[in-house]
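Assemble chain B onto chain A, guided by the hints.
2 protein chains.
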Amino acid sequence: MGTASHLINQTTDRLMRYIIDNNLQAGSKLPTELELSLLLQVGRSTIREAVKALVGRNILEVRQGSGTFLVREQIGIIEDPFGLAFIKNKKKLIFDLLEVRMAIEPRIAAIAATVASDDDITVIKKLAEETENTINNNGDYTQKDTELHAKIAQTSGNLVIPILLPIIQRAQRTIIVLSRPLQEVNKQETIKFHRLIVEAIEKHDPVGAADAMVLHIAYARNFIRCYFNEIGEIP
Amino acid sequence: MGTASHLINQTTDRLMRYIIDNNLQAGSKLPTELELSLLLQVGRSTIREAVKALVGRNILEVRQGSGTFLVREQIGIIEDPFGLAFIKNKKKLIFDLLEVRMAIEPRIAAIAATVASDDDITVIKKLAEETENTINNNGDYTQKDTELHAKIAQTSGNLVIPILLPIIQRAQRTIIVLSRPLQEVNKQETIKFHRLIVEAIEKHDPVGAADAMVLHIAYARNFIRCYFNEIGEIP
Numbered sequence: 001m002g003t004a005s006h007l008i009n010q011t012t013d014r015l016m017r018y019i020i021d022n023n024l025q026a027g028s029k030l031p032t033e034l035e036l037s038l039l040l041q042v043g044r045s046t047i048r049e050a051v052k053a054l055v056g057r058n059i060l061e062v063r064q065g066s067g068t069f070l071v072r073e074q075i076g077i078i079e080d081p082f083g084l085a086f087i088k089n090k091k092k093l094i095f096d097l098l099e100v101r102m103a104i105e106p107r108i109a110a111i112a113a114t115v116a117s118d119d120d121i122t123v124i125k126k127l128a129e130e131t132e133n134t135i136n137n138n139g140d141y142t143q144k145d146t147e148l149h150a151k152i153a154q155t156s157g158n159l160v161i162p163i164l165l166p167i168i169q170r171a172q173r174t175i176i177v178l179s180r181p182l183q184e185v186n187k188q189e190t191i192k193f194h195r196l197i198v199e200a201i202e203k204h205d206p207v208g209a210a211d212a213m214v215l216h217i218a219y220a221r222n223f224i225r226c227y228f229n230e231i232g233e234i235p
Numbered sequence: 236m237g238t239a240s241h242l243i244n245q246t247t248d249r250l251m252r253y254i255i256d257n258n259l260q261a262g263s264k265l266p267t268e269l270e271l272s273l274l275l276q277v278g279r280s281t282i283r284e285a286v287k288a289l290v291g292r293n294i295l296e297v298r299q300g301s302g303t304f305l306v307r308e309q310i311g312i313i314e315d316p317f318g319l320a321f322i323k324n325k326k327k328l329i330f331d332l333l334e335v336r337m338a339i340e341p342r343i344a345a346i347a348a349t350v351a352s353d354d355d356i357t358v359i360k361k362l363a364e365e366t367e368n369t370i371n372n373n374g375d376y377t378q379k380d381t382e383l384h385a386k387i388a389q390t391s392g393n394l395v396i397p398i399l400l401p402i403i404q405r406a407q408r409t410i411i412v413l414s415r416p417l418q419e420v421n422k423q424e425t426i427k428f429h430r431l432i433v434e435a436i437e438k439h440d441p442v443g444a445a446d447a448m449v450l451h452i453a454y455a456r457n458f459i460r461c462y463f464n465e466i467g468e469i470p
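Chains as they are written, first to last, in my numbering: chain A, 1 to 235; chain B, 236 to 470.
Chain A extracted, bound-state conformation:
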């Protein structure tokens, strides 16, 4: 790691700064490599490496023949930014992921219940219904479930948690897919607790929403705990 890699890191930061300062929107095309090289006063190969670094973070996308673009949605979100794949003890990891959710989601559900607009409630109800339908059709409901929890987080107005929560839920999913029985984790209870959460938000009842969220997460965690006690390990 010499000066070259230091220059690349610095250029990556300056390129980020350029994107932010120029208020580039998702889908925008970036200046060419040559233009960026003149703009930031570094060589084209340095620009190329900086662009690659931002492609690696899902911030930029290079479309062959058309140029470099700011990615469309979920800017900067990479699949496993915490490197959780490197954690060996998946059994402990799933409890610790649920501990993060237990700390965050009841508070967030309470705020969402307080401030939810009619439009928010419509979307929340639709996502809960779609999750239910997918469960009842024996489909993989984790995507819809993640969207529902993310929408509740987004309704709360917090800027960080709607980004954080899907990362946690995706990590949880990658563990759960390892095990068939865990996939069956409290499907009917999920429907029941989702309904409770949605009803409380609709009634603008913060304590009810927080309680329902605690029940939802505690029930899931307890199901997993009982299962591990029986079988000892993730099969």
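No wet-lab data here; the hints were simulated from the structure.
None of the values given here were measured: they were computed from a predicted structure.
All C-beta atoms in this analysis are idealised placements derived from N, C-alpha and C, irrespective of residue type, glycine included.
One or more of the hints may lead you astray.
Simulated coverage check for chain A against chain B, where a stretch passes if three residues somewhere in it have a Cβ under 8 Å from a Cβ of chain B [unchecked claim]:
no., stretch
1, 54 to 67
2, 85 to 95
3, 205 to 212
Only chain B this time, still in chain A's reference frame:
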């Protein structure tokens, strides 16, 4: 985004899987590009792009002339994985970052107080002392402060929060450095509350540790709130 980029993403995932399955440790050297190309049955240019993607996520490091290595510490941690730099409303962002900390850190401090070993307590006390000394010498104490909070999180045994918390604290710092007065945020109070937290952990008093952490975060947030009420904006 055509098949080429799909193949690169897939190869990136397989390369991660290779690292995990072969139990490569931080600092380990990876096989050469040619070897990886034979191993994963894809072209060398695809391997090169996959390596670049993992370099962009701070998982790999290419050392000119010596090869590709797994990075030494804080595997996979990138500076701003949530893309928080893209959030325009820095004033709201700092409150929302502190809300995440308020949800997580008191619970974590309580667990740390319950389970801390004598060695953990020694390290926690040392970090608190170093933070104090840096504050008293008018230095930038945010690094030591982040280490202290991360050590408390690590003591709790949770696998996710010691990774998450420094990301939140670094984001908070990048906002605070924009403003001179915010840098003065409750320095003496920080010393006072850190001492309270450390004392409670040392006494294995979970409720005391949680209370002290609530006080610490609430005080900081209230300081920032009063400051914004006065000046209206981040200067």
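Hints and how they fare:
1. 54 to 67: Held - the stretch 54 to 67 of chain A has 8 residues with a Cβ nearer than 8 Å to chain B, which meets the minimum of three.
2. 85 to 95: holds (count 6)
3. 205 to 212: violated (count 0)
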